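Please work from the sequences and hints to get the whole structure.
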Amino acid sequence: MFFTAVSARSSSRGLRFPIAFSRLYHAKVIDHYERPRNVGSFSKTDPNVGTGLVGAPACGDVMKLQIMVDDATGEIKDVKFKTFGCGSAIASSSLATEKIKGLKIWDAAKIKNTEIAKELALPPVKLHCSSK
Numbered sequence: 001m002f003f004t005a006v007s008a009r010s011s012s013r014g015l016r017f018p019i020a021f022s023r024l025y026h027a028k029v030i031d032h033y034e035r036p037r038n039v040g041s042f043s044k045t046d047p048n049v050g051t052g053l054v055g056a057p058a059c060g061d062v063m064k065l066q067i068m069v070d071d072a073t074g075e076i077k078d079v080k081f082k083t084f085g086c087g088s089a090i091a092s093s094s095l096a097t098e099k100i101k102g103l104k105i106w107d108a109a110k111i112k113n114t115e116i117a118k119e120l121a122l123p124p125v126k127l128h129c130s131s132k
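Residue numbers (UniProt numbering): 1 to 132.
These are calculated hints, taken from the structure and not from any lab test.
On a predicted model such as this, the values are computed, not experimentally measured, just so you know.
A hint or two may mislead.
As a list, the in silico DSBU-like pairs of lysine-lysine whose alpha-carbon atoms are at most 30 angstroms apart [as the list claims (entries may be wrong)]:
#, residue 1, residue 2
1, LYS28, LYS118
2, LYS28, LYS104
3, LYS28, LYS101
4, LYS99, LYS82
5, LYS110, LYS80
Simulated restraints on C-beta separations [said to hold, decoys possible]:
#, residue 1, residue 2, range
6, ARG35, ASN113, 18 to 26 angstroms
7, GLY74, GLY40, 19 to 27 angstroms
8, TRP106, LYS44, 33 to 41 angstroms
9, ILE111, GLU34, 33 to 41 angstroms
10, ALA121, ASN48, 18 to 26 angstroms
11, PRO124, ASP71, 37 to 45 angstroms
12, ALA27, THR73, 29 to 37 angstroms
13, PRO124, ASP70, 33 to 41 angstroms
14, LYS28, LYS110, 19 to 27 angstroms
15, ASP46, LYS118, 29 to 37 angstroms
16, PRO124, ASP46, 37 to 45 angstroms
17, GLU75, PRO123, 16 to 24 angstroms
Even glycine gets a Cβ: it sits at the ideal position worked out from N, Cα and C.
In structure tokens form, the structure reads like this:
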């Protein structure tokens with residue numbers, strides 16, 4: 001089952017987890033899936049923007065993450081993402097952007113996918129969704 005954070009954001013009626021999924025996932029996963037934070041893109045030509053693209057071969061999820069960094073301080077001033085994949089991948093991406101905004105880049109680099117997975121209470125089978 002694949003979703004896109006882009007269409008979740010732009011849909012007039014919004015995407016929702018089916019009732020069966022709401023019993024399997026923590027409320028925080030559902031919240032970040034239904035209302036993903038920081039979805040979008042920055043200009044490719046902005047010199048203060050760094051872009052990363054990662055994927056999970058296990059299921060085909062793909063995430064593009066962009067950070068806008070203050071050169072003088074190393075602080076992440078803004079962050080955007082686009083994730084194409086399952087609800088857990090979208091929720092993990094959304095939470096990660098919230099956690100890194102305002103951090104120094106060296107502090108953001110210390111965040112482990114297991115921290116994201118734990119905060120979202122992802123089941124072990126979905127751990128790869130948080131490793132973007």
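Hint check results:
{"no.": "1", "hint": "LYS28 with LYS118", "verdict": "holds (11 angstroms)"}
{"no.": "2", "hint": "LYS28 with LYS104", "verdict": "holds (25 angstroms)"}
{"no.": "3", "hint": "LYS28 with LYS101", "verdict": "holds (19 angstroms)"}
{"no.": "4", "hint": "LYS99 with LYS82", "verdict": "holds (16 angstroms)"}
{"no.": "5", "hint": "LYS110 with LYS80", "verdict": "holds (19 angstroms)"}
{"no.": "6", "hint": "ARG35 with ASN113: 18 to 26 angstroms", "verdict": "holds (22 angstroms)"}
{"no.": "7", "hint": "GLY74 with GLY40: 19 to 27 angstroms", "verdict": "holds (23 angstroms)"}
{"no.": "8", "hint": "TRP106 with LYS44: 33 to 41 angstroms", "verdict": "violated (24 angstroms)"}
{"no.": "9", "hint": "ILE111 with GLU34: 33 to 41 angstroms", "verdict": "violated (23 angstroms)"}
{"no.": "10", "hint": "ALA121 with ASN48: 18 to 26 angstroms", "verdict": "violated (35 angstroms)"}
{"no.": "11", "hint": "PRO124 with ASP71: 37 to 45 angstroms", "verdict": "holds (40 angstroms)"}
{"no.": "12", "hint": "ALA27 with THR73: 29 to 37 angstroms", "verdict": "holds (35 angstroms)"}
{"no.": "13", "hint": "PRO124 with ASP70: 33 to 41 angstroms", "verdict": "holds (37 angstroms)"}
{"no.": "14", "hint": "LYS28 with LYS110: 19 to 27 angstroms", "verdict": "holds (21 angstroms)"}
{"no.": "15", "hint": "ASP46 with LYS118: 29 to 37 angstroms", "verdict": "holds (33 angstroms)"}
{"no.": "16", "hint": "PRO124 with ASP46: 37 to 45 angstroms", "verdict": "holds (38 angstroms)"}
{"no.": "17", "hint": "GLU75 with PRO123: 16 to 24 angstroms", "verdict": "violated (34 angstroms)"}
Comparing the model with each numbered hint stated earlier shows that hints 8, 9, 10 and 17 do not hold.
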